[in-house]
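Asker: Spelled out, the chains give:
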Amino acid sequence: MTTPSLSSLLLGPINAVMRIIDAPLRRLQKATGIGGMAAFFLAPNMLIFGIFVLLPLVINFVYSMTGGTAFFLSERDFVGGDQYSRLFECQNYLDPMSCQEDAFWTAVGNTFWFVVLQVSLMILTALITALILNRELAARSFWRAVFFFPVLLSPVVVGLIWKWILQRQGLLNFGLYQFGMDPYTWLTDRNWTFAATIGVSLWAHMGFYALIILAGLQAIPKDLYEAAEMDGTKPARVFWRITLPLLAPNLLVVVVLALIKSVQVFDEIYVLTGGGPGTSTLFLTQYIYETGFASVLRNPGLAAAASILMGTVLVVLTLIQLGIGKRGENKGKR
Amino acid sequence: MKTRSLLTGLALAFLTSTAAHAGDVRIMWYSDGVEGEVMKDLVGRFMKENPGINVILDNVAYSVIKEQLPVQLEAGNGPDIARVTAIKELSKHWLDLRPLVKDAKYWDDNYGSQADWMRPDGSNQISGFMTQITLTGGYANKTLFDQAGVPIPGPKATWEDWAAASKKVQESQQVPFAMAIDRSGHRITAPLLSYGANYIGSDGKPAPLDAAAKDYLTKFVGWAGDGTVSKDVWVSAAGSTYRAAADDFINGQLAFYYSGSWQVANLATKIGNNFDWVAVGSPCGPAACTGMPGGAALVAVKYTKNQKDVATVMDWFAQEAVVKEFSERTLFLPGNKAVVDKGGLNFKSDNEQAKAALNVFVESTKTTSEAALKLPGWRWSDTVYAAIVTRIGQTLAGELKIDDAFTRIDSDIAQKVKDAGK
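Protein sequence lines, in the order shown, are assigned to chains A and B. Sequential numbering of the first sequence, starting at 1, is according to UniProt numbering. Sequential numbering of the second sequence, starting at 1, is according to UniProt numbering.
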């Protein structure tokens, strides 16, 4: 008597299931063709996507067309586009104080500058870090872990750590004091606080993007570098002509992810600055959260309208970037 | 057969782990000081006396009560009982205990004066009771005043007197700020009322900011500008987010701190013997020397599935003896009339400063103005507080001029009233 192998034991139930579903699936394929089969296999995923993404999106849109402070849709009045008109009621969009919802436009402006500065600096620092970590370094794995470690921290922990460092009686001021310098109120000076939010965000997320770029760097064939070396190509030229073009798909992923993440910035900054001083670090997500959930007499309709606008901007930006990426790919093929 | 039994067992285990047991009463509780520990102890005693009722005490941060509980309640969920401060704003969610409690007359007699604070306008509902009555008031760092050789201003001293004296102490002792007021609309309302401000219009809705309110707010912004008042705490967040300046006082960075009676236990515990401090009541303005009353209430939530058990729990915790013990151990001012009238509270603290501070607050209740007593039961008070904090915070951060802030405060409040009417 032969003993069944482990693989046959494990595969046994799977094969049994396959035998049972084989006949109906063949009939289905005959009836619907290959396209129908694709739809059949995608259906469970689309169902989950529909329930947890599309449906809330539709409900959110419906909320944005209603007014009042009640939460249940049945208790809310239909107000059409009033919430959107309220958000757009403005004499000069560059001067938030001339707008009815000044906090919204302040948040839009802050988010815009945050995205521009944070994403540019993020790509630059992640690229430099990845290039360094890709070299033959002593204790290379240790350094890779060091740069990745902050990514593992909860955003609340990141916010608290930096709050303890930057607050008036924090670690940084203690250090300055030890060196005979005057302490400074880093978190109550508008410009410093904004810079701090960018710095903290870079510290917390850079390791993740550096890892993606590092994976891209390691996928570039070594023989290209060897050929360039044999030709006596200068390192800068190697970087611009070989490394950067071949890294483009990874950089595109990094840009798209970093952009989406920076538009959605909330938790660590909320813990670090609470949106202050004044409204200098009030970003869109915090505005939406406070309008919809945390303010006195909450306004879910206005928050929903703001989130729909934010989502639309994100979709447009992503499509533009994907378009640029596709054009680059096509150019490469030609 | 075995498989079926196993599946049945698993299903039962799942059901019992997710559904509320009959006899379970969940209390959502937050703590400013040591009251969480005292409450835990009392809950244990309650369960010994009432073995059929299992009380689950969920200790949460104040922000959960302020930000998450209202959302849960709007969705028809939430705990069975909660300790809250936004008692009027959320009053439509409270359970009417009148038909459920053992003796409604006891509740009316002992908690009647604050019953309006926590029930919908025009009803005679019993929603719960105040776990503590609070009163805003000031604290002075006596050691700093003594070292600077500046006498602590007396009971009739004005806000200007306090600003001047604290400034002298700040300059002499090289502390970062002379005074601080919590970033809270409730706190800053006390000096506004002392200056004669009135929030309530003739129609019961919010009135525009009057000259008295503008007068004090202009002074406050000026004091922040010259470094008399700490602006750190006011610019440290956007919107109406609450921030206390207690840590600055505890760390000896302030000569005068305006907060409230609920800080007594916190200050006593954290300051210890580091320096001497005294409670000084509320400074005066041209109209009054008032603090703002308030407090936290233990209320029953109407979405509970265990109304009878909830009423039993509420009855037990509202007893005179329990309230007296709770107040003595937490160093809170009691909300039960019989406890107050009988007096003889023996606050459980070795700290003489804390005991003296509590007596000052009890004394200060005598100068609380009529306008101040009305506000906790007024539907729009939180709306006004939020608008003031938001816009004055922006002014102190240099984003708004004071006159623009006044215009914005009025328009913010008007917009909220309009939104609520939709």
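Keep in mind that the hints were calculated from the coordinates and are not lab data. From a predicted model like this one, the values you see are computed outputs, not experimental measurements. Be aware that a few hints might be false.
[As the list claims (entries may be wrong)] If you want the footprint, here are the derived chain B segments under chain A, 3+ residues with CB under 8 Å:
{"hint": "1", "segment": "363–371"}
{"hint": "2", "segment": "394–402"}
[Stated by the list, open to error] Examples of chain B residues toward chain A, derived with CB under 8 Å:
{"hint": "3", "residue": "Val71"}
{"hint": "4", "residue": "Pro155"}
{"hint": "5", "residue": "Asp232"}
{"hint": "6", "residue": "Glu325"}
{"hint": "7", "residue": "Glu328"}
{"hint": "8", "residue": "Asp382"}
Every residue gets a Cβ at the ideal spot worked out from N, C-alpha and C, and that includes glycine.
Asker: Taking the hints in turn, state whether each one holds.
Answerer: Checked hints:
Check result for the segment 363–371 of chain B against chain A: violated, 0 residues qualifying (beta carbon to beta carbon below 8 Å, three or more required). A count of 6 residues in the segment 394–402 of chain B with a Cβ less than 8 Å from any Cβ of chain A is obtained; the coverage claim is therefore met, three being the minimum. Restraint check, B:Val71 versus chain A: the minimum CB separation of about 6 Å is within 8 Å; hint holds. Residue-level restraint check for B:Pro155 is violated (minimum Cβ-Cβ distance to chain A is 33 Å; threshold 8 Å).
A hinted interface residue such as B:Asp232 counts as satisfied when its beta carbon comes closer than 8 Å to some beta carbon of chain A; here the least separation is about 5 Å, so the hint holds. For B:Glu325, the interface hint is violated, since its Cβ never comes within 8 Å of a Cβ in chain A; the closest pair sits about 34 Å apart. Taking 8 Å as the C-beta contact cut-off toward chain A, the hint placing B:Glu328 at the interface is violated, the least distance being around 34 Å. Look at B:Asp382: its Cβ gets to within about 5 Å of chain A, closer than 8 Å, so that hint holds up.
Comparing the model with each earlier hint shows violations of hints 1, 4, 6 and 7; every other hint is respected.
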